[in-house]
Every structure is written in C-alpha cells, then in structure tokens.
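Student: One-letter residues, chain by chain:
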Amino acid sequence: MESQSQVLERLRTAFESRVTIPEKFRRTQLTNLMSMIKDNEEQIVNALHKDLTKPKFEAILSEVEIVMNELHCALSNLTSWMQPEYVSKNLATKLDECFVRREPLGVVLIIGPWNYPMQLLIVPLIGAIAAGNCVVIKPSEVSAATDNLITELIPKYLSKDCYAVVRGGAKETQALLKNRFDHIFYTGSQAVARVVLQAAAVHLTPVTLELGGKCPCLIYGRVNATAAAHRLVWSKFFNAGQSCVAPDYVLCSKATCDALVPALRQVLEDFYGSDIQKSPDMSRIVTPKHWTRLMGLLNRTKGKVVVGGEHDEKDRYIAPTVVVDVAEDDALMEEEIFGPILPILTIESLEESIKLTKTKEKPLAFYVFSDESSVVKKVLENSSSGGFCSNDGIVHMALPGLPFGGVGNSGFGHYHGHWGFEAFSHQRAVMLRGWALEKLNALRYPPYSDEKLSWHSYLT
Amino acid sequence: MSRQQLAVQRARKSFQTGKTKPLESRIHQLRNLLRFVTERRKDIAEAVKKDLSKSEHGTELFETLGVEGEIKLAIEKLAEWAAPRPVEKSLLTVSDEVFVHPEPLGVVLIIGAWNYPWAVTLQPLVGAIAAGNAAVIKPSEVCCHSAKVMEELLPRYLDKDLYPVVTGGVPETQELLRQRFDHIFYTGSSTVGKLVMEAAARNLTPVTLELGGKSPCYIDKNCDITVACRRITWGKFVNCGQTCIAPDYVLCEPSIQSRVQEEIKNCIKEFYTDDPKTFEDYGRIINKRHFKRIMALMEGSTVVVGGDSDESQCYIAPTVLKNVTGESKVMKEEIFGPLLPIITVSGVDEAIQFINEREKPLVIYVFSNENKLIKRVIAETSSGALLANDCLVHFTVSSLPFGGVGHSGMGCYHGRYGFDQLSHMRSCLIKQLKMEGVNSMRYPPHTAKKLGWARFFLLKQINLGRLRRMMLLAMFVGVASFVVQVKKLCLPKLSSKKVQCTMATTLMV
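The listed protein sequences derive, respectively, from chains G and D. Position 270, counted from 1, in the first sequence is what my numbering calls 270; the numbers after and before it change by one each time, with no gaps. Position 292, counted from 1, in the second sequence is what my numbering calls 292; the numbers after and before it change by one each time, with no gaps.
Just so you know, the hints here were simulated from the structure itself, not pulled from any lab data. If you're wondering where the values come from, they're calculated on a predicted model, not measured in any experiment. There could be a bad hint or two in this list.
What the hints assert, rightly or not - Only some residues are given here: those of chain G computed to face chain D with a beta carbon under 7 angstroms: (1) VAL87; (2) SER88; (3) LEU197; (4) CYS389; (5) HIS396; (6) LEU399; (7) GLY401; (8) LEU443.
What the hints assert, rightly or not - Between beta-carbon pairs, the in silico distance windows are: (9) ARG180/G - ALA296/D: 47 to 55 angstroms; (10) THR191/D - SER17/G: 25 to 33 angstroms; (11) GLY452/D - LYS302/G: 55 to 63 angstroms; (12) ARG180/G - LEU472/D: 51 to 59 angstroms; (13) ALA296/D - SER454/G: 54 to 62 angstroms; (14) PRO447/G - ASP224/D: 21 to 29 angstroms.
Ideal Cβ positions, reconstructed from N, Cα and C, are used throughout, including at glycine.
All chains, please: the whole structure from these sequences, using the hints.
Tutor: Encoded structure:
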C-alpha cells in the first residue's frame, strides 16, 4: 500500500509532466466521472442509504443530479473557461497584448464532509479537474459506505496518476495536511478549519473553506403561511436537518408563530404521514454521537416542544421537532443545530430580529419569508451571509451560476460552475510588449524631469 | 485596552453604523484620499527622500502616480463594480431574481511594505474603501519617515475612525494581528507572510498575501539586445533594486553574455551617470541591515560592473555579477538590491528547467523576437505574471490582476480586482411565495413520477438564448403550417405538389 508521500510524489510527477493541461485530457476525465455516476447510481443511492438512511429521492436529487448538472455545466463551458481573457489597456500600452490566463495550481487537496458525501466531494473535484490540477481526494470516514464506494470507483474511472483517494480519520488527515499542496478545499466545521488553515500557513497554501453556521429564517409581514410552511419544512428536514444551508432557527412575531405551528404540523403529516419514523422519506442522524448531541440540546432547551420530539436511539431517529418560546440564550441557540429540530424565537418587530442576527456570526445562508418585497429588501440590506434566499430554502445553492460559499465564520472562497473552475485556477496576468516605440519608453528612464512626468501621467 | 485594540474597536463600531454603505460616502472618502496625495505631494516626497533617498520625480513616478490612477478609476467605476451582477438561471427560477451582490467584508487590516511605502499601502486602501470597508492601516516601521507622515496627515483627510493609521514595530504588529479582522492584506516577505496567515487562521480570516521571490529574466539571443538591456537596466535599478517585481537575475546563452554585460554597463552610465553615488535619481538601500545582507550576497561571484559601496550612506552601486550558478550565494534568496547576476544557460529549455526548479516567482520576464519561444515559456512555467520584452510595466495596467502564486503570494488586486478581493460576493435568490404547485414535485411523499419531473425541471440549466430560438422555430413552424392550411382551404385548385413544395420550403427556412 502506498504511503501518503508516495501518493503525493506520484501526483506531482504526473502534474509536472503536463498531462492534465490539454483540454482533451480534462474533458475525458470529466466524461469518465460522468460515467462513474451514471453507471453506479444504484450503488451510490444504496451507500447513502446505509450511511444516512437517505431516501432515494433525496439521494438522486442532492447527490446524483446536482453532480450531473455540474458536470454538464463544466463540459459545455470548459472551452470558454480555458480561453485567455483579453483586457482593456491604457494609452501607453495600447499596442501591447494584455490578457489573463487561467492556469492550474498543481496538486490540490479536497476534504469532504459526511452530510452530502458525494456532492460535497465530487462537485469541488469537477472544478479541480476542469482547471487542470491533480487531486488528492479525502472522503469523510464518518459516512463509511460512501467512503468505501468512492475509494473503489475513482481509480476505476479516473487517471490513477493524477487523482488519488486517501482514506482515514483525524490522525491520517493531520498527517496528510503536513504535506505541501497548491490549494486545500475543505468542507466541514470551524474547529477543523482552523487546523487546516494553520497547516496551510506553513506552506503558504491558499485555502477554500466551506463551513456552516446558524442560518436564520425571518418570517415577517404578509405571508402565505401554507406555502411558507411547505418550503420551510422541506428545506429544514431535508437530510434530517443535516445541511449546512438548512434554516437553523425561525424568528417571527407571536401571531405568525401561532399561524405557523399548525401549518408546520399539517405539512409534516402531508409529507411524512402520521408515523414519521415509518416514512421512507425521512433520513436518520449520521452517528450515535450526533444523535446524543442533538438529544442533549432537546433535553436542555427551556422552550416548549409543540411538534414532534419522538426519538429512537437504536434507529438514530429524531422526529421533525418544533420548539417554541425559545429565548436567545437557550441551549438550541448555542451552536449550529445540524439536525431536525426547529426552534422558533418570538420577536415582535423585524428590526429587533435583524438586530439579533447581527449579534451572531455570519451564517452560510440567510432566509426571509414574506410576500412584502420591502421586508425582503430590508433584511437583504441589513444582514451579511454567504448566500441569501427569500421565500424558499436551500435551492439557491443548486444554481451553478451563483457562487456558493461563506463569509466570516461560515468560510471564505466559493465554487459551483465557473466559480469552481476559478477557485482552482491561478489568474496569471500576461503582457506581451513589442520592440517598437523605445523612444516613448525614454519618458520613464532617468534622469527624471517634470516634462517627462507630465507625459507619463497622460499616457497611463 | 491596547492602542491597537482601541483602533480596531472604533473602526468596527464605525463600520457597524452603516456609513460606508452608500456609494456617495465611499466616493467622498476616495476624493479626500486623492486630495491628500495631490496636496501633500511635497510631504510625501520629502519622507521618501529621507527613507530611500528617492528623488521627488522618482517618488511621483513610482508611488503617487499609480495611487492617483487607482483612485480616479475607482471613483469612475464604483457604481458599475458595486451593482448587483445578474447570473444565468435555471428553468424553475426563470421568473425569479438571481444575482450576485457585492458587499463589504467589514474591517480590513492593511500591512504595508517599506519599499514603496505609499503605493503598496494606499493602493490596497483604495480597494478597501471602494468596497465599503473600514480599514486599519499599518505602514511599515522600516520606512519610518513615511510612516510618520501617514500617521500625522492621513487622518486630516480620511475619516479617523474608519481608517485609522496604527504605527509600530514587531510587537505592535503582533498585537494588531491578535485582533479580529474580516480580511488581512499583507505586502512583504514570505517569512512574515506565513506568520500573518497563521495569525489569521485563529479567526478564520481570509488573507491576501503580496510576497516576492526571485523573478527570472530570460534573454533570447534572437532579440534586440540593446533595447532589452535598456529595459532590464531600468527595471532592475529603479529604487535600487528594492522592487518585488524587479528582474532578480538574468538567464542567457554564453554567446551573448559579454554583449549583455556591455549593454547594461552602458545603460547604467546613461541613466545614472559615471558616478551614481552623486546622482539625484539613484537611491539608497533602506537601512544598514539590508545593506550588509546585500553586500554579503556578492560572495563567490565576480563583479563585472559596479561593486563599490559606502556603508555610511547605505550606497551600493548598480552592480552586475558573472560566474554565477544556481548554487551561488546570490541565488539563495531574493536579492532586493542593485545586484544583477547573469547566469548562462544552453538555451530556453535549460532556462525553463532552471526556473521550474525554484519557487514560483511574482513575475517572469522573457525577451525574445520569437512568439513561439515566448509562448513556450508561458505554457511551461508558472508565476504571478509574465511580461515579455519589458520590465515592471504590467503593474500599471489596472485591468490586469496583480498578485502572486505559490510562495509569491495569494489573491490579487488593482482596479476591479482590488474591489472584488475586498468584497463578499453574496449569492441572492429572490423568490415569491407563488407558483407553489410547481414545487410539489420536490415534496414527499416521493414517487418515481415526481422524481422524473424533478430530475428534468429542478436542476437543469437552460440556455435562454437557445430556448428562445427553439420557441421561435416552433412558432414559425406553427405559423407556416397554418398558412399552408389556409392556402389549402382558399385555393383548392392548387396542385398538391405545389403545396408540398411550399411547406417544405417554409420548414427548411
């Protein structure tokens, strides 16, 4: 079995041989990746079911289709993405060729999380391959079945010299991070992100961090409660709430809360039936450890459970749960929930709600439900977050045209579509000057003078 | 509370009032910055003269002219840069608003360098102000006169709370780095760059690092060697070689080595006279420590031009070295001084190999008449930037990103890049609560049918242009068949053959 440094050396040799540079090579790899997903859709769905009891629908939509979409986007646009970008010039450089060239960085590392173990590993991989890099892929060991599948499939479909899967837990990841990479793409928690950044600093390696946070969901003004409830339930309880962009908590007035709770209850029954644990469309918590963590939050909350609350340790099941009368300092407001518990904080005014969100770290997503565009505008203009979506949840991250990433504690850098290609590229400025007009250059040579200076000022 | 903590706290409080949001207020500050640079020209020039012995003209050419240009560009383009940027939609978001909204990050820390104390501190500041941030400005303490002038005079022009100048040495900088920022913009050495990144890691703060490296300069034997050497001499000895993008060393074939030496010698004389020491437009090394460092680098190489020095003045003559190899002392670190080593290589192949054995530099220079050769160097090397047939000037093109890669840095700025670098590009999707029926395909209970619809609708990107064309074609075909039907009805005597022909023609179109 190859050691980590042997893997890296192999990939670096491959990169230096310039095999990943031609467009044809990148296209072939991306096409092969597409075949990998298509040929193994059933195995992928099964692995995700083993890891998270992920319903087939969710697996197809959020782990297969979204990846296929990104592959189509990359394959359709690769040629144009790779083109040099010609830029405008000043008077002194009018006769020169000035352009920006997108170049691969070298050998990059992608560390994936366990909640969407395919999507959040493969979509960055698409960007890295498209940009012409060699890639070390580190799937999350927590989603073990998917980890096994990825380890088996990648070498079957992608060039073994240029793309390698490295497995392991915290110890192996720390050892991996001691090596020198040309970019590190990490999706996960703030705590581990700090470790990644420290390791990257040693080698001056640039990093993309896709983290999380408590994504607030404000509901104010005139609202179609039924439509809002549908979208809120869908985006909150998708993957049992284990999404970095799930609405974490709701802020609304008492009246809205009173209208919302029965609507949520009804929608939950419409979606999952009266015995949710029996519904094939509800996921489970990924590990006993996380189940215990979430139950801990529920047990410590001083709020009132009005919907759900049922749980089953053996099944790692927690019912979609709604908790009201939650205060700002409640246990449910301490950390990112990352589970199927929805706290509702009652704050009468929109302004006070906005004020509350400003006291917290910048989240990955910010949601507002309202039929009044003035409310939406106010929230947009008085908040900061990775992304923003009004009157729905999660879906903004499915658009390859939008950069997906965080700000502040929710991360930095972004990807999806063209942004992914750029994340893994170096934008190299190229200027090709001619030999003529050397007399013009004389303006800049010493001895300096006022006259030369004024000409220079004019030309640049 | 330390002075540094206080400054950051005040900047953050001021930022949180929202006063940097309106574009007018940003433009107002930018105009004030422009006034500062133009009204205080003399103070700035005097400070730089004391720090680096740079002449007034030199300062204007290399420091303030660039800053003025950046400010004017930002003022002109701000509305365009700060406007929401629309993006491509999917089939289901056709009726929604989808855009990227550039937003300020918050409080940015700008750590300047000593070699161009005004340019590398104020140019990032332009980007920071334009993007709507507050900025703590930390000029390098090594150029102490410029730092003092910045500390005294800048607050008279810019908002004191939003853009405080915090001076100090290593301990003060370390204290500053303990505070929380929303972005850190550092210009300086790779060694300190690592420390900045490490400090930033604690708060998950993104960084822009403008570092350095040994920028190689390859001279192809097939080129106008005279002109090449003029440009290289200029690029090398500006600011006494203390430029991050100065050509660090020359690579050329042995057959042209003496010619290159001779030409550079002549240019030095032409630009800096026979006695550069007494010439106004030739500078000094920043301090004794760097003077000693640079002098020591000459060990083991042969001086062919210059070589004389005067420690009391921190003067080192424009110097050319030969008998230099990859192992020579002068090749072990970035020179950042007026020593130009010439290393011989057998041709462009060896030059490329030599360059690739070393860390990625901030810029690669190549002088050649052959486009093919230049293209090869571009394709087979990596660097922050590449400039063919001249030195330094890519810095002045504000539409080109200025930054490094690998050990020469991360991130970039100038012009719009500076604005984008110090903004957060926030993805926005503005939906309505209507058309809920369409959403039902994604809701449980999940069925195979719903899955089919969802696969088709929910994620597919659409090429609006192609869709429009398809719809137009469908419409056209519809109209054509309608016309044919009408004709059939109105002109029953028309032969079926003619009808068929008409149909075919219409459809073909």
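Student: A separate judgement is required for each hint: does it hold in the structure or not?
Tutor: Now for the hints, and whether the structure bears them out:
With a least beta-carbon distance of about 4 angstroms to chain D, the hint placing VAL87/G at the interface is held under the 7 angstroms criterion. Taken as an interface hint, SER88/G checks out: its beta carbon lies about 5 angstroms from the nearest beta carbon of chain D, inside 7 angstroms. For LEU197/G, the suggested interface contact is upheld, since its CB lies about 4 angstroms from the closest CB of chain D, less than 7 angstroms. Interface restraint check: CYS389/G against chain D, minimum CB-CB distance 5 angstroms, threshold 7 angstroms, status holds.
Below 7 angstroms, beta-carbon pairs count as interface contacts, and HIS396/G has one with chain D at about 4 angstroms; its hint therefore holds. Because the smallest distance between the Cβ of LEU399/G and any Cβ of chain D comes to about 6 angstroms, under 7 angstroms, the interface hint for this residue holds. For the restraint placing GLY401/G at the interface with chain D, the shortest Cβ-Cβ distance is roughly 4 angstroms, inside the 7 angstroms limit, so the hint holds. Restraint check, LEU443/G versus chain D: the minimum CB separation of about 9 angstroms is more than 7 angstroms; hint violated.
As the Cβ distance of ARG180/G to ALA296/D is approximately 29 angstroms, the hint placing it in 47 to 55 angstroms is violated. Under the hint 25 to 33 angstroms, the C-beta atoms of THR191/D and SER17/G, about 32 angstroms apart, fit the expected range. For GLY452/D paired with LYS302/G, a C-beta distance near 46 angstroms fails the hint of 55 to 63 angstroms. In this structure, ARG180/G and LEU472/D meet the distance hint of 51 to 59 angstroms, their C-beta atoms being roughly 54 angstroms apart.
At roughly 41 angstroms, the beta-carbon separation of ALA296/D and SER454/G lies outside the given 54 to 62 angstroms, and the hint is violated. Between PRO447/G and ASP224/D the C-beta distance comes to about 23 angstroms, which sits within the given range of 21 to 29 angstroms.
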